[in-house]
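Top to bottom, those sequences are chains A, B and C.
Heads up: the first sequence begins at 1 in my numbering, then just goes up one per residue.
Heads up: the second sequence begins at 575 in my numbering, then just goes up one per residue.
Heads up: the third sequence begins at 770 in my numbering, then just goes up one per residue.
A hint or two may mislead.
[Claimed, not checked] Partial chain B-side listing against chain A, Cβ under 8 Å, derived: (1) Leu613; (2) Gln621; (3) Pro660.
[As the list claims (entries may be wrong)] Derived coverage of chain B by chain A (criterion: at least 3 residues anywhere in the stretch with Cβ under 8 Å from a Cβ of chain A; other residues may be distant): (4) 586–592; (5) 595–606; (6) 641–653; (7) 729–738; (8) 757–768.
Source of the hints: derived by calculation from the structure; they are not laboratory data.
For clarity, every value in this text was computed on a predicted model and none was experimentally measured.
Note that CB positions come from ideal geometry on N, CA and C, so glycine has one too.
Chain by chain, the residues:
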Amino acid sequence: MAEILLTFFIAITAAVPLGWWLARTLMNAPMPGESVFAAIETPLYRALGIDPARGMNWRGYARAFVLSNLVLAVTVFLLLMTQGWLPLNPDGVGGMSWDLALHTMVSFLTNTNQQHYSGQAQLSYLSQLAGIVTLQVVTPMMGLALAAAVLRALVGGRNAAQASEGEPRDVGNYYVDVIRLTLRAFLPVALALSLALSWQGVPSTFEGVAKATPVDASAGMSEQLIPVGPVAPMVAVKQLGTNGGGWYGPNSSFPLENPTPLSNLLQSVALVVFPMAVVLMIGPLTGRRRFAAMVFASMLTMSLALAGFALWAEQAPNAAAVGLAANGAHLEGTEVRLGTGLSALWSTLTTQSSNGAVNAMHDSLNPLAGLVPLVGMLINAVWGGIGCGLVNFIVYVWLAVFLSGLMIGRTPELFGRKLEVREIRLLSLLVILQPLLLLGLGAITLATPTIAGTSNPGFHAVSQVFYEYTSAYANNGSGFEGLGDATLWWNLSCVLALLAGRYACLLIPLAIAASLAGKRVAPVTSASLNVEGPVFAATLLAVIVLLTLLCFLPVLALGPIAEQLALGTTGATP
Amino acid sequence: MNTHAVLDTRGGGLRAALVFGALSIALAGLAYPVGATLLGGWLFPQQARGSLIEREGRVLGSALLAQPFADARYFVPRPSAAGYNPTTAAGSNLAVSNPALHERMRVDSAAAAAREGVPATRLPADLVSASGSGLDPHITPAAARLQAPRVARARGWTEDQVLALVQAHTEPPMLGFYGGARVNVLRLNLALDAR
Amino acid sequence: MSSEVIKRQRHSLAHAPLLPALVDALRKLDPRTQLRNPVMFVVLAGALLTLLLALLAGPGSPGFGFALAVAAILLATVVFANFAESVAEARGRGQAASLRATRSELTGLRVVDGREERVPASALRRGDKVRVTAGELIPADGEIIEGLATINEAAVTGESAPVLREAGTDKSGVIAGTKVLTDSILIEVSADPGDSFLDRMIRLVEGAQRQKTPNELALTVLLSAMTLAFLIVCVSLPPMAGFLGVELDYVMLIALLVCLIPTTIGGLLPAIGIAGMDRAMRANVIAKSGKAVELAGDIDTLLLDKTGTITLGDRQATAFHPMPGVAIRHLARAAALASLADPTPEGKSIVRLADRQGVREALPTDSTVVEFSARLRMSGVDIPGRAPLRKGAPDAITRWVEQAGGHAHAALHMTVEQVARGGATPLVVSEGKEVLGVVALSDIVKSGVRERFARLRGLGVRTVMITGDNPLTAAAIAAQAGVDDFLAEATPEDKLARIRAEQAQGRLVAMVGDGTNDAPALAQADIGLAMNAGTQAAKEAGNMVDLDSDPAKLLDVVEIGKQLLVTRGALTTFSLANDVSKYFAIIPAIFVAGIPSLAALNVMGLSSATHAVLAALIFNALIIPALIPLALRGIRVSAASGDVLLARNLLLWGVGGVILPFPAIKLIDVMLAAVLGA
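Chain A on its own, in the form it takes in the complex (with noise of 0.2 Å):
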């Protein structure tokens, strides 16, 4: 429980002054440093061709947005491809088969960071960095840029003073927003991070591999290679900017990527901060500052709820353990640095960030403490992706709000503006996209076992199987990782998922907000429904649950949960 409290008044800490920061960020407010960062920025904007100034229609910024992925989607492809013949490849990497490089390009574009290839050993520097770490930076920017467009439709747009009725709404220009946040925010705190995490002891060189004589040479190895390289950075970016793709294969469970309590602490916390101060950005982005509250309480009782569970349930010794060893902590997969403690709370908080990053393998974990990263992902909304979540959230508050606004005898209502037949039109495509897409592609993947290369027998397989769908399309990219992924139809049913979690998820929610924007504003009433307030928090949460539980719980009944059911009838192994 220490761990949680530690954990959570740290980042939320962090989070308050980064929240401001974010905000002015957007808002073009001055700010301290104004001169440097405007001095770089200029040039930058006429090199683009844009005048700053100028806001975009979302139609525009919906363009924008999908014209600067395509670019980037295509360089990035053709890296992964050819990097095998492209400089800085001193481990001679060759280049990546078309469907893995496709995988590759599409799950780090939609800020996943689902690995289907393994880390270090399959991608060359110029890959990780040119490649990897361009788009670890800048998709969680646009993301964030895609929900301050959608926070600024739900007011009215920039212009709401001045637009009629019906008039289209600027909601922001896309260019200046990414690169203002990119430059503003979030590479300074990336910088600070990684500098830290150096000093902690993760890599920060651009030498090769260190070759080591073990100590014990009756051991059998006579000779350990030891992986470095700019690790630091690439480490910072991942965890900051809900990314999670590591430098190593297992990721932050792996020593030189996190090697202490204090990296760790540090890692987690950065899984988090941005989510967070994205919601507390809404305060002063929008004006509507007890709205904030009421997204920030709401997210905040999930986090909680979910963190103490997974706790609870990795608490319980290993069931495979029993009569092997003393009953003690249950750490199959997880670094005696860490504990479960540590793992637990990071196994929650990096899918209820949509992060992915993990410190231990949560293939291994209980089965119901596996159930909490799924619910996480699931719910998609907890802090979720930088700006997805917060948009997968507003996803939810106009479906409580359509519901809650029924139940008070009110054409449903938010900030004024009336829920009508088109929005919940739009709504309803992402209300069917996530089940047809995670229970109708897991549903080919188990009814074809030659193609689900599972590694786990039973029922784990099956949550296996449903993880790694739920993971793509909630943009997350943590697996139960055993599963044998690196196929061809791994590989391009994913994308589909990961295509459809990002792009879907993020430019519907536009629509509809911006069908909203230009819609006349009813006045506050007592008899309005008010979304700030506890009653309609706990409307929406139900609504959350509800629906989740609603769509998955056989899935979920079918795999963790008959998993632990059936360890608890037979004590150990079915």
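Chain A is fixed; fit chains B and C onto it per the hints.
Same frame as chain A, now just chains B and C:
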């Protein structure tokens, strides 16, 4: 704030997207990681290269990575699903419900129990559990204390001498509650040899 | 009065013919009809599929009886839903039909080119002119274009006191089926047969032709999406279970699907909508579209005329206030003379007041009456050999006197203000260029309006009183009546501007009006409630007509609109909340054969897998007829803040919806076990 009445409906066009892509790679993909790496290497040269332990110009290993020990005179690290090879580092990824996990633990447990001469039920869990990375450099203090009698016998030391060294190499959890108490196996073994 | 009528009708219609409704429910099983309601269509498809599976397996196969039972329950679920709709329709149709019946055998004396011929009402077309004389029934909705008559509208409104309708006034509209008691009138028919307000209203309560209202449509879309999502859930289960070597029973799978999809709200949704329209009709409000009724729940501002709504129609002269130096009798005489030709109740009350003070005048035959004009805002009489007598609004008379070269007495301003502050309307009387004094016309605020406005305020509706009075009088009456705001000295243009201003602030505005000059405002308002007695123009411009011509009726309409939404929202919540317990009944049942450990999820301790499924399905089916009365009545909307209302409904329908089915399903299971054996 917006001085232009006309909104951009095209989203800046293709040029903006192309230049943005190039700038992203230059700034986020190259300038940032290169700058941060060089700065980190300059500030913390020892850690930056992988916390390597060198004796007489030879690299013995990394203080942060486990390496295999078999000789009875040494403390033994946790089982590794990766054969202690950092380039193929991995956990077992075996589910609790997987019979294969039970089977592997049985083998590890029998070996450890035989090595230390204790019944299996006295073995601390970390000695039969593979770590997440496969290169966990630490064992729990309990696992270290359990091995102390065997190491003392092999080295012809008293048990107290070994236990004192274990005690000296035991790191408590941060702030007393954050993380696990732990003993770095490589450092402990090097300290044994140095005595 | 009218509320008594409503009560009487409600009583008689509570016994809506159930058997015909049941027959109609069966007729509605036609898949083409069913397709209008995607949720119930899935249930019907499930029933047929189950039946097919059972027949394919053949009698005697294991589970044959179970499958038949499931198919039967599913079919019953659909019939129950259809029944709900049929009952609602029957009630609505009964109400409408009794209105329509009165006019079916009507005939009228059509006037064409001066010739008159008797034709059946069905032959009358819009624009036809019909002559109706005392003792006859009016054959079609229309407007009096010539003459005046007293009419008994009891057949339509239930109000037995005769009303006066007159050409060229704001009370010129007549309704088919009402009886002319005196005089003879010429009517212009305003609607083709089948297109009268009543016909349109009847269409709102008939399922097949009914257009879904916007919120209903949005809810249908969302419910369909959920149905599709649950369909995906169920379809994906067999392959997943198959991976584990578990074969699922398809009948149970269909049962799971039906239990998950929101059948409760899906089944009751049409009934709720129809019942809402029916309630409106029962309140003697005829809406031109369901959308209007639904929208009424969202109203933020209500604009109403003071006269007839807030005050008892007509102002009465209560006092003469002469100017210094003018004898009170002189003022009384002048006022009476100026009012003798004035047919308005106000004019008559002035004559009466003078009479009480002993002043009795007769108008010389050669005098010229100056009728009231809205532009000049005064009226009067020119008697040969006398200076012109005028009475009118203070500023109008002041201007008139000044134009004549005189000037108002300094005391006038004070007197006017004093009268106005007392809540009366000052009427200034002048003779030539001299102001004689002020007549106080007092308004009498209707009893009960204060409470009604308070209730409206509780529902979040601000009331704005519109009056031609000066601001002081208006303020006094506004305070007495408890309205939130008022618009004084209002011209028709002012009304329109006020509506636009309110709308510009995002408010949804309702307007109640009757006169032709109200038509633009009625059209501009989001909800325009026209009085049935009002002019044809007003009725055309509004989107609802009140047969009782009771302007305060809007309160009922607002409540009906809110009820519509609350009932839908609450039942949707209930429907979804129910799913939790059904999961706990069906998931263990469906998997337990292949995965025994999942029996731990059978928290209700249901007796067997088949019983669990049947119990859940039976609950699922029975809850629909159990909730029909509620759907028809609508959930009470108390005047409470949004938060309180939400909390109450969330607790009742959300939390209650989670909890209630557990004991209910358990109970059904116990009964099943008792009847069928374990």
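- Task: Please verify that hint: Leu613 (chain B), Cβ, nearest Cβ of chain A, below 8 Å or not.
- Result: 6 Å, holds
Notebook entry, point to check: Are at least 3 residues of the region 757–768 of chain B within less than 8 Å of chain A when you compare beta carbons?
Noted result: Since 4 is at least three, the answer is holds.
Exercise for the section: Would you check chain A against the region 729–738 of chain B, counting CB to CB pairs closer than 8 Å, and say if three or more residues qualify? Expected result: Violated - the region 729–738 of chain B has 0 residues with a Cβ nearer than 8 Å to chain A, which falls short of three.
| message | Taking 8 Å as the Cβ threshold, is the statement that the region 586–592 of chain B is covered by chain A upheld or broken by the three-residue rule? | response | holds (count 7)
Check your understanding: Does Pro660 (chain B) pass the interface hint, meaning its C-beta sits closer than 8 Å to a C-beta of chain A?
Key -> This hint holds: Pro660 (chain B) lies near chain A, its Cβ roughly 6 Å from the closest one there, short of 8 Å.
Within 8 Å of chain A (C-beta), three or more residues of the region 641–653 of chain B: It holds: at least three residues are needed, and the region 641–653 of chain B offers 7 whose Cβ sits within less than 8 Å of chain A.
message = Tell me whether the statement that chain A covers the region 595–606 of chain B is true, taking a Cβ distance below 8 Å and needing three residues at minimum.
response = Three-residue rule met by the region 595–606 of chain B, so holds; n is 9.
*asked:* Take the shortest C-beta to C-beta distance between Gln621 (chain B) and chain A; is it under 8 Å?
replied: 5 Å, holds
The structure shown violates just one earlier hint, number 7.
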